[in-house]
Structures are given as C-alpha cells and as structure tokens.
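Colleague: The lines below spell out each chain.
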Amino acid sequence: MTSLLTGYMLVLLLPLFVASWRVSLTGLSLQGLLMAWMLLVRRPALSVDLVVTIVDLALVRGLVAPLALRRVLRSQRRPSREDVIPPNLLSWSIVVGLVMLGFQCAAWLHPAPGAQHAQVAVAATGVLLGLFVLASQNGTFSQAVGALRLEYAIALFELGSPTHLPLALRLAQVTIFLGTVLTYAHYVGRLRSTELAAPSARLQ
Amino acid sequence: MIAALLLVALPLLGALAALALGHRSVLAAVLVAATSTALGAWLAFSQGAPSGHLWGGYFTVDPTSRLFLLVINLIFLGVVGHVRGRMQQAPELLDGIERFIALALTFLAAANLSVLSNHLLLGWLALEATSLAAAPLVARRATASAVRAAWGYFLFSSVGLGITSLGFACLARSLEHSGAEPVFFFDQLRTLASTPPDAWREAGLALVIVGYGTKLGLAPMYSWLPDAYEEAPPSVTAMLAGVQFNCALVGLLRVLQVYRDGEPRMVSLALLGIGLASMAVSTFSVIATHNYKRLLAYASINHGGVIAIGLGLGGPAAYGLVLYVVSNAFIKAILFLSAGKIDDHYGTRDMREVSGLIKDLPASGLFLTVGTFALLGFPPFGSFLGELLILSELMRAGYVIVFVAFCGLLTVTFVATGRSIFPMIWGESRKPAPRLGLLTSPIKLVFVAALVTMGVYLPRPVSSLFVDVAASLGGVR
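In order, the protein sequence lines correspond to chains A and B. 1 is the number of the first residue of the first sequence in my numbering; add one for each residue after it. 1 is the number of the first residue of the second sequence in my numbering; add one for each residue after it.
Just so you know, these hints were derived from the structure itself, not from any lab. In this text, all values refer to a predicted model and were calculated from it rather than measured experimentally. Even for Gly, the Cβ is constructed at its ideal location relative to N, Cα and C. Misleading hints may appear alongside valid ones.
Unchecked claim - Here chain B is said to cover these stretches of chain A; the calculated rule only asks that three of the stretch's residues, wherever they fall, bring their Cβ under 8 Å from a Cβ of chain B:
hint, stretch
1, 137 to 151
2, 157 to 171
3, 174 to 183
One chain only, chain A, in its complex shape (with noise of 0.2 Å):
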C-alpha cells in the first residue's frame, strides 16, 4: 500500500474514534485532498478532464463540502462532541470487522496483489464504513457524514478506473454533487431544532 493509501485509511478510520465534528470534517477534507493527491502524483497529462477531477476532489470534497457543514454547525454553536458511531467495544469491534470485511472484498474482486487491489482494498472499506455509520446513528449530522463517507469511497474507487466521461457529464457530476452537499447542509441546519426538540407522537 502506498503512503498516500495509508494516509487515507488513517483518516478514514481516526474519527470514528475520536467523538468530534471537528474531526469528522477534518476527516473529510483531508480525504478529498489526498485523493486530488493521489492523483496528481500519477502525473497524467494536463487536460480540462484533469482540472474538473482535481477541482472536484480538492475544491469541492476537500474544501467546499466540510466547510458548508462546518458553517452550519458553528452558527447553531454546538457542542465540539459528536459520535459518529457509538462509543462502546461493540461498535468499534465491528468496525475492525468491516475492515477485514473490505480487503476480504478486494481479494475476490481483484486477487492480484499491488496498487490496484489495495486501492480497492481501502474504497471497499470506506463504502461498508459510511454504510455502519449510517445504519448506526439517527442524528442528522452523523448520517450526512455517513453519507458523504459512501461518497468520498466511491470517487476513491473511480479514481482508480481508467473510464473518461465526456466534459458535460463530469460536469454535470460535479455540480449534482455540490448540490447534494448543499442540501446535506440544509437540512443539518434545520432540522437541529426538531432533534432538540421532544419527539412528536406519531400516529401509526
């Protein structure tokens, strides 16, 4: 595995163990630069489609997504504590699990060892992660992380395909994403009265 492969399994992994929204967005950024990174580091040649990819993952992922969560919550000043998973042996048990889980995936996947098969190693992780910490939290901050986590996995595992879409559709892409995120944030922003709040009765 490369360092920048082990860096991004380092940030992937941290804040599940570190109850901090500070951390889970640092988490994110950092995941969006490494991949631009990563990238980068392969030294493609210099082309629109490289630009768009680059300002997906570093603009987009590493800086605009974080930041548009990190507005929300700091204007509604909450508490530095949040779980991502719960904190308990059992949940962080089955993350060790969904580790082992993951390279499980990408040895019947991709059994030939090296860059490739760790890459996809790491996505396969990072998609059965977000995935737990979805299922595993109720908050809307938690299960937008969750859902931005599945996101991050999945532009990993693209990352390490050699398809080229047409100039409009990755555009396209790009601007779909931003939106989702935009949305994430929104509702962060207001449906934390509700989760304040007692819950309604609701007639079943």
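We have chain A; now place chain B onto it with these hints.
Modeller: Frame of chain A; chain B shown alone:
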C-alpha cells in the same frame, strides 16, 4: 427528434417562466403538462415519430422510453390538474406556489431526461436531479415531521443512487477486465455483455439492484417511503409514486435488458428475495397501521415487491409485469390524490375517524373505492391480469415456495386493507360536504378508464407497445 428535445426543454422553460408568473404559474404548468402529454402520446403511437438513438447516442426513443414517457407525463398532468383544483378551493395554498411549480416542472424535465437517456450515467444524474427538485416539495408543509421526512427521503435517495453509481463503476471494471473499453451506452453495452461474467459484474449487478431498489422503496432500504408519502402534499406523493418510481424502474429495466441473459440466476434470486421481503414488511405494516396515507404507502411497497418478483422472473411474466407497472402508476395517482382530499376534508389521517365517505365526499369516495379494488387486484382492472400472469409464471418456472409465500402475503394484505378501507367508505356519514360531480376530476376518470381498458381490451397500438417492452425483458412476442 424535436419532440424528444421538447419533452426536456419545455418543462425547463416552464420552470423559469413560473418564477416570473406568480399565481398564474399553475395554469402555465397545466399547459406545459398537457403539451408534454400530447408529445408523449405522439411519440408512443405515431408511425412518423422518431425512433432509435439521438444526439450522439445519448438519448433513445425505444418502446420502453415511449411507453414510460406517456405514462409519467399523463400522471404529471393529473397532478397539476389536482393542484389547480385545490388552489381554486383553498386560495391560502397559493403562497409560494410559483416556487412549487418551478420545482415540479424541473422535476418533470429531469424525469423525462432520465427516461430518454441511453447512457447509464446520464440517466443516473437525471434521477439524482429529480431527487434534488423533489426534496423541497416533500417539505412544503414546513412542519417538523415534513422536514424530517424530506431529509429521510433525500438521504436515502442519494445513498441509493450512490450505491447504484458504485455498481456502474464495477460493471465498467468488468468490461475493462475482459479487455473491452469501458462504455456506458446501453446499445453498446448490449453487444459487450456477452463476455463471460466475472466477480466485478456480479458485484456491480447486486449493487445496481440494491441501489435502484432503494429508490423504488424496496426492502431492505424502504423506511424513507412511508414517512415521505405521508408527510408530502398529495400532489407530491403522486409525483413520487407515479413519476419518480417509474423513472427509477426504467433505469433498472435498462440494466436488466443488457445483463439479465448473462447472469440469469443471480439476477432472478436477488430480485425474488428483495420482492418477497418487501411484500412481507409491507403486509405486517398494513396490518399495524391506522393511518390511511401510511397504509397506501405500505401498499406501494407491496406493489414494488410484486414488480421486483416480476422482474426476477422475466420471460413470459414480462407482459404481465408491464401491465402491472402501468396499472400501478395510475392506481397510486388516483389513491394518493383522493387521500389528500379526504385529509383536507376530515382533518385527520386516522381511518377510525373517517366513515361514510361515499355520502360525505361522493367523488373522492368513489375514486377511493375503485382505486382500492384495483389496488387489491380485482378484475376488471389491469392489475388483476398483470398479477395473474406473474403468478402463473411463478408456478410454471417451478418457484413453488415463492408462489405460496406470494399468495399468502397477498391474501393477508387483501384482508387487512379491506378491513381498514371499506369502513371508511361505507360507514356512517360524519361530515357531509357540498356535492361535486365526478367531472370535477376528469383526469382521474381518465386514469380509471385506462385501468379498466388494460384489464378488458387493449387497443392494438397500446398492446403492441406493451408487447415490445415485454420483449425487451425477455418476453415472447
């Protein structure tokens, strides 16, 4: 070619105009929807309509897109007709109507684009755009529960579509591993899909089925659907259930059209499992609920389950599946729009507090009755014939356990739904309203006529369109 372009461009232009038109935007939306429906009908039935691939192969006008363009535009016309009627009865709803209409028309443009798409990612992006436009519509009532439902809807939509895109990436890797250039055009994929299946393709197909299944409200990722369908205004619920559901289904149909022959057993088992699980969770939820809007939402999950089973079977069940899908779209539009009127009139969603509907609100009561009979799969509706064909194929293909479970769950749903809905219709009158004729809901009459026609006699052009769509899913001509 221009007609296909107009189906996307016209609603988009309408959306922009709506922002400037204020209260008159509703009328503009009705005009746009009527024009789109006329264009959809022309594409579906005219001999001179374009077919094949357009604009560099990114769009396709084939039997699947022709049928579903007509269905979703007709349902959207019913929705905006309902909105116009409601605005005349309750002028207070006009507040913010131009934003509502602009988002609804953007939703329609994205929905038409997703159905016309011949490109995996373009269709996927258009479907994401429908979710972005629909989320604020779900939250229109601005209550805490409506906002939470909108969040749940949007979160599950984006996660489901994220999983779908991961599935596409796996399918592209499968092509790459077989030595082919990864492509995303359906027509090109059909020629490349004959390569031997590998782990990438299996993983990709499983992810695509789960991802689109989330958008369709199928188990295990269905929990967003009852909340969103209950909390959204009735017109928005009808849009989600009748328009967006079919757009997601077209996405899944197209993937299955390409890959089902290469992986028949894996695809069948996955869809049969998801379908049965969806029917099971909806059946237990139907028994437990006292809320008629939620009951209809759970019934939608049940319908989704039947559709998944039909997709899993393919072959001779395909014609029944197409009949069932189209019937299902009209049934849900009739029921959700009628449920909205009942909610407005009685001010409650508790079915124990509603009775004598047929006397209090004769038109809505009658539509609820007809819709419920169609929902339960009674003759002479298309849903009856569709369900019968799917059931007979289950037996013919030797899925006896699935057949028994299907019949058992259907019977329980039948009894539980009838026990809940019929006392609402026939019981004692509680709150009579001024009489309004059936002609005040002309589009719902059209939907009912379509349901009966599909169960009794299909005119040749419609029938051949259904047969063509079924053939693309492995059905016999």
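Colleague: None of the hints should be skipped; say for each whether it holds.
Modeller: Now the hints, each set against the structure:
{"no.": "1", "hint": "137 to 151", "verdict": "holds (count 6)"}
{"no.": "2", "hint": "157 to 171", "verdict": "holds (count 7)"}
{"no.": "3", "hint": "174 to 183", "verdict": "holds (count 4)"}
Figure legend: structure checked against the earlier numbered hints; every hint is met.
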